[in-house]
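Participant: Working from the sequences, and respecting the hints, build out all of it.
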Amino acid sequence: MIDVLLITFIITLFYMAIANRMLTYLKVLAFQGVLLFVVVFLQLKEINTVNLALILLETIVFKSVAVPLFMAYVLKRNNITRESEPFLPNFVSLIITTFIVVVTILLANQVKDTNLDKIFFVVALSSLFTGLYFIATRRKIITHVIGYLIIENGVFVLSLAVGNEMPMLVNLGIMLDIFASVLILGIFLNKIGDVFKDVDVDQLSNLKDY
Amino acid sequence: MIGIYLIGALSIALALFLKKNKTLTFVLLGLFLILQGALTFHAYTNFHSTEWSYFTYDSLAVLLLFALGIITIPAIIHSHIYLEDQPAPQSSRSIYYASIVLLISAISAGYLSNHIAVTWIFTEITTLSASALIYHHRNKLALEGTWKYVFICAISITFVFIGILFLSMSFSNAGSDDLSFKNLLANSSHLNPFWLRLAFLFIFTGFTVKLGLVPMFTAGVDAKDKAPAPAGALLSSVLMNLGFVGVFRFYIVVANTPLHHWANLVIGIAAFLSVFVATVYMIKVKNIKRMMAYSSIEHMGLVMLGVAAGGIGYYAAILHIILHAFVKSSLFFQFTQLYRVFQSKSIYHVGNYFKYNTAGAMVLLLGFISATAMPPSGLFVSEFLIFRSMFEAHQIILLIAVLILLTMIIYAFGKNIMKILFIPAVGFDDSHVPVISPWESSSQFILLALVVYLGLNPSAEFVQLIKESVMLLPN
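Protein chains in written order, with my numbering: chain A, 1 to 210; chain B, 1 to 475.
Since no wrong hints were added, every one of them can be taken at face value.
Quick look at which bits of chain B chain A covers, simulated, 3 or more residues with Cβ under 8 Å: (1) 150–158; (2) 166–172; (3) 189–203; (4) 222–228.
Below are the BS3-like pairs computed for lysine-lysine, each with C-alpha atoms no more than 25 Å apart in a straight line: (5) B:K345 to B:K419; (6) A:K208 to B:K419; (7) B:K286 to A:K208; (8) A:K76 to A:K27; (9) B:K140 to A:K208; (10) B:K284 to B:K345; (11) B:K20 to A:K191; (12) B:K148 to B:K284; (13) B:K345 to B:K415; (14) B:K148 to B:K345; (15) A:K208 to B:K415; (16) B:K345 to B:K286; (17) A:K76 to B:K140; (18) B:K140 to B:K286; (19) B:K148 to A:K191; (20) A:K191 to B:K140; (21) A:K208 to B:K284; (22) B:K148 to A:K208; (23) B:K284 to B:K140; (24) B:K148 to B:K286; (25) B:K355 to B:K415; (26) B:K284 to B:K419; (27) A:K76 to A:K191; (28) B:K345 to B:K140; (29) A:K208 to B:K345; (30) B:K148 to A:K76.
Read the hints as simulated data drawn from the structure, not as lab findings. All residues carry an ideal CB built from backbone N, CA and C; glycine is no exception.
Facilitator: Printed below as a string of structure tokens:
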């Protein structure tokens, strides 16, 4: 069951590679949050209430509701057109994402560690690299934030792959980290929208050495 | 004490943010300085004790807290002078003061933390508070700098976290999940080398954003350029030291495993590339603040070369980061006065500074001598020791390459500083030049004198603290 969910997660990455509209990205991100919650729920054998509440907060409340809603608000406020305007055509994106997934599978097969659940490792690394690829090839600043969120989802999967539990403090820190980064990035995105009247990365190339 | 400190600093920051009263701001900032001093004193008297199970007053932390405590005082004084000079609205002033208090307290807590995840959390907080400082001017360029800084820091911090996850995978055989540095060191023989390698790569790459090395150095340069100079002084001295703490504490763990030589290779490559990149930019750069920022990158490259070479290099590296913090912050503090005279950051629009502000020009000259490690600067001693360690590690070719690059840096740095000091700027109208009190330069003189003193005649206690911080490293 967990495998099916994780494979669905990889499929969402492919879907993102060929999707054109910003709202689709946000919906896929929300869907990923739900997937992650179900995976955690099935993965943790004995779950105590506090931990469950924390994970519920992190996956459902943050990843599936709060962050996508906030991003949708940012989209609306800045009149961002719906197309994502990638530098590369979608077909190439799809091939590169496939390539990333294949390479991570090959890489995971090299790892000789019995403690490691390989499918978690593959999913985590593929979403990490897909996120970086997104950041590198999209023109809009908001897609960079979406790439960052894909990376964060990958990190979440990776933290599930780690056998031993992180202390509570760390969990709390991660949550604050994601929340604060998204909030700060969103606020500055709004400012960029106000100041530059356009939210392309091309606008951000004025800092020079002379 | 750490609890009192964190709660106190947080409430002072909150009060500064909410209350926009001038006298109250003074009182609160004074309180914060006392609190900072008290923490440093407490760290010194309660040496080696642990509080709240995540904070230890060890020798490296005490040394860096001491440097931070000294730099905090002029940073706040110069921030005050800077803000009074400008027609900034009261709200942006209160945000500035609140975030500077938050930044300094997060850096202090980051120094003291003995758990890699806690260091990570406080590094994240420094990003958030620094972003408010960089955005102080609320204009297009500041916005661009802030966006780049926040975004690259967010990615890098995520990298550090991935590294921590790999570290805990590497640790899963040891039967313990306590990731404090002490426990990691005790169990270093049980760490799985494959995961440890990945962990080191990710953690090192992540912390380079604060440390200012290749590959993530770019964001820091933009940040130091756009932040007000007193805040830039903090970003390019004590915040870089926080990045160093993050890398160095984990390096101590790795150095006690068979991966020691591999880790040295990784650090050495990044460090040499940083010196190289700094040289290339120093030759071209025309923006004075960015020139100082690139000089910081060069110094951090040298520090990490010392760490990679080992032996006496470890001692030299710690000495170098402390002295560099004093030198670079005094240069940045001086920059506010330079800007008030010429109203420009470009090297083309400034010149003949001796005529307008003699004391300030002396600071620039002495700061240049200190930053390029000419005697009697203390940096001369630490750089000499770094070169000696490289010589002893038989890295002769690397040493020659670095020396050539450093010569080019001294040439470029010297050319620009001499232009600022002696050659008149073309078309500069000096009828409106403000008179700057020499007293405003006094703090920079003290910092530079401290560099000479600590380099040439370090007290036995100071030497002992440095030796103790590198004690756990194999020779």
